[in-house]
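Engineer: Take these sequences, add in the hints, and give me the full structure.
There are 2 protein chains.
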Amino acid sequence: MSTPDVFKDEIQRLTVSTVRTEPDMEVGVYLLRRLEELGVKSFFGVPGDFNLGFLDLVDDYPGIDWIGACNELNAAYAADGYARIKTGNVGAVLTTYGVGELSAINGIAGAYAEMVPVVHIAGFPSLKEQEDRPLLHHTMGDGRYNAYAQAAELFTHSHTILNDVHTAAAEIDRVLSDCVLESRPVYIALPTDVAYAKISSYRLNIPLPRKPLLNDRAAEAAAINEIAKLVEEADGDVAVLVDVGAVRYNVVEEVRSFVETTGFGVYASPMGKSVVSEAYERYGGLYTGATTRPEIKAKIEDAKLLISIGALKSDLNTGNFTNKLNVARTVELHATTTKIKFSEYAGVGMKYLLPKLASVLSTTSGIKSKTLTIPVPKWTYSLPQESDEIISQTWLWARIGQFLQPKDVVIAETGTSAFGVLDIPFPDNAIFVSQILWGSIGWTVGSTLGAAVAAREKGLGRVILFIGDGSIQLTVQELSTMLREDLKPIVFILNNGGYTIERALRGERRKYNDTVNWGWPRLMQALGDVDGTRTKSYVVNTKAEMDELLNDTGFCAAEVMQVVEIRMRMFDAPYALKAGTPFGSKW
Amino acid sequence: MSTPDVFKDEIQRLTVSTVRTEPDMEVGVYLLRRLEELGVKSFFGVPGDFNLGFLDLVDDYPGIDWIGACNELNAAYAADGYARIKTGNVGAVLTTYGVGELSAINGIAGAYAEMVPVVHIAGFPSLKEQEDRPLLHHTMGDGRYNAYAQAAELFTHSHTILNDVHTAAAEIDRVLSDCVLESRPVYIALPTDVAYAKISSYRLNIPLPRKPLLNDRAAEAAAINEIAKLVEEADGDVAVLVDVGAVRYNVVEEVRSFVETTGFGVYASPMGKSVVSEAYERYGGLYTGATTRPEIKAKIEDAKLLISIGALKSDLNTGNFTNKLNVARTVELHATTTKIKFSEYAGVGMKYLLPKLASVLSTTSGIKSKTLTIPVPKWTYSLPQESDEIISQTWLWARIGQFLQPKDVVIAETGTSAFGVLDIPFPDNAIFVSQILWGSIGWTVGSTLGAAVAAREKGLGRVILFIGDGSIQLTVQELSTMLREDLKPIVFILNNGGYTIERALRGERRKYNDTVNWGWPRLMQALGDVDGTRTKSYVVNTKAEMDELLNDTGFCAAEVMQVVEIRMRMFDAPYALKAGTPFGSKW
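From first to last, the protein sequence lines stand for chains X and V.
For the first sequence, the numbering used here assigns the number 140 to the initial residue and increments by one for each residue that follows.
For the second sequence, the numbering used here assigns the number 140 to the initial residue and increments by one for each residue that follows.
Simulated from the structure, these hints should not be mistaken for lab results.
Treat identical chains as interchangeable: a pair holds within one or across any two.
Calculated cross-link-like contacts (lysine-lysine; reagent style DSS-like; alpha-carbon spacing at most 27 Å): (1) Lys509 to Lys490; (2) Lys546 to Lys180; (3) Lys650 to Lys337.
Structural biologist: Right, dumping it as structure tokens:
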């Protein structure tokens, strides 16, 4: 692996900052150039009068497509979904001052919690307006022009108001670097006049940094030495548990290479599902604490050594804190630290450590042959034999497992869907997308828009959304944007009469968990497929109907946008959700 | 008018706070009792696991109906619309921790800007969870449990986290008093366990204060004396300009009585439209600065004395700051101050001043007879003669003017609708609802839900929404909640192919101002009227069709929910919007 020369970069950077060159580019265009550099080909948002000027620049910019969303929250969700699929790059969302940016803030906060690199650009009053502070529309009416930026600070890693033309380029570079390196959202307030101010484009000669700082070499060497010793002592009985940090900090390739080189059995947490292909021969399945299948549980909890990669120990990612990992037998790899048993090695991040560790272990004789003697459970899910035709949660997910294809992008809403999809063994390189920490219901609709755009850019497979009839009502309008953008997602709506995940928790039969039963087969006609020629809608009542649909080659080809209403029982949930909830456990 | 004895209240309050009584009521129920006292009969929101416990209390509480909305932003908008109609009372919205409350924050910020008393209650982690700070879902993942409350502080007048059971009742009383007296939103974070903690209900013996603090008596007397002198000098040529503060600070009755007693001609700003009935014989129409009709403009700008009531001088409320009011001839009445020419009388608020001033002026001989000699323009809007059948903006609003009935509640979305409705003379006691300062597009859909519920509670007339095909896409799902709640709004969708108000400003033909053309006649079937029996949908292409519909007595009776798509030109806008915009001025 080549070592980036930080000194060389730094010297070049210092040189650039002292060179005075003629202004030759609008601040807005500079920003677009940098976004493009970070992989942004599609840019989501909603127009508003504080961003229309910048939008002219976007519209005229050849490398980036504008994708107007129906509302700002959905646009933020879309940028998040886009960034998740385009690992190592960023997503971007544009909103207008106040009304727009605040509507998006839950989407940005979710990206923060789930470590997704989203750039939030908000239109901002001009420099003169900021000075005079007239009582403009979209202001609080009390002269506090900065209140929204203050709110943004709470939910982003870095933030800037581009009020100084002279530092605008440096500020853009600073926050965008943070976005991609820290994998967290950032906020840029862009005053209407500054978007058009001319600056030098000279800084563009230096690409933004894309790799983390190098590890502390001595600490790294010590850590590798220590881990190698533990591996040797484990005598082949080493398990790898992959979590969300692996994909967010862009070490997917390093992890794949590491597990292939060593032969260690590899498992995933819910948020780490599909980071390593679930079709990989040494992949053993999902670890969810107490509700884990016993054969998988034993492999993880009894391994002589567990190597945990990018762990995020939230309630729903750990079987509600029932994971039993023995620290005395665990190595934890993170973005900037390594923890070996009880000792932390600061400044030793996994991006550089993993390849070196793999290299050291590959030269230690006999390790791989020993690890390969340790069997890995087969991660399967058989169709249950049930006596009736009602589509049960248990049957559904097993059946969906047969339906999935390699490279599919599978998006599961917080609710029965996210729990259910976890159980499905994914085909090779199918990708799982969910919001297990933040859990904002409705998120998947916006996220599917962004993910589908990204999947098309990357040439991935079908985009398949699973969502309940309650959750989809929060954000439904964005299906219309998918239609306009000629995307072809398959949208499965699990119609079980309201908020089932909440019924499992509390108020099983309370009216507050009921939602209106919509006319799902009419939905796409209402949302823009006026003559019904550009989408297909289905209603599925029985297992036989579901089978027939999923066996239909035209349906599977997903050549138009398709919406499937699946009618299910109100009181039914996937196993893990039943097991962990007061009412669900009685279903 | 009776004078509240603040000392008596205060003594009683001090007594209560020192009385120790047995806990007999859950904190959640105490909160509901106080909300009910402030006029809350319907409570909007979305369930989530941090508020389900409290929701059980709501569900069991006889005096308050739970109205579950499709999403939190819409729920906040609904609480805002509800509060606007129930002048002097409050609206309430319930969300869950993080994901829910942040989705609602734009609605709360809008209520702040527009001075609407909305109580935002957010579910919050239990005391133990706050102490241990586990990595729960809906948290930021970094242990900052208070980040959302910090955001709420920016957009509310008062806020509290009910962590101390001993002060919970006092804290509830404090923020709710602020809500109703300051007419601004407040925030209450309710930990899951505290909702069920038992406290004494003794404080409920003292009602929350509903009236502002008394005026400084000496300053008030001086102000009245000064104003009376100016009125006398004006020799009857006095105009009254009513603005939004009059309704928000609950002086509608005082204003009505004042203008009737004095006979002064009365006019309104856009945000003050309908505060004084537009059918009142001495009502002269709308003042919008430069775009005001000349005969009205002269009456306001040339009056020897102008009495301005509750003014809010925002851009869109003043014809983009083109209002020409001569301070040397103006008296401004506000909630807590009075400004006479250039002098401010602090502590002299309009609630108590107006009746006293009316009383003084009524005993000054000859004033009313003089004022009645000053003619007031007739506020009318004739149907234009146009040669084609296309429904123009100019024609539409005039025709709608003929359609309105007394006590109708008319809600106009920011866009061509809000500008267009301003021009319509309203029948007696018809109410105008719009969001002219905050201007968050999509707001009216949620707001209509709340306004329609409030209108039903108050026995008002029809609820009529005007919204564009672009704006409705932000928040469309809440039409479904109106259906479930058996509300009967008439929803006019002005279909002009996108964001027309933005086209008038910039990007006239840019793609970012285009939206998807939905299948509007199918909309209500998709949103829950599955068999099409509970709503009616219409498409109107021509003036003749519009006439026919508006003349139909069944349609006018509004006995079911009705949705009307009005097909209009893309490049057309009401006069005021055309006049003030770079592209609109060419249409």
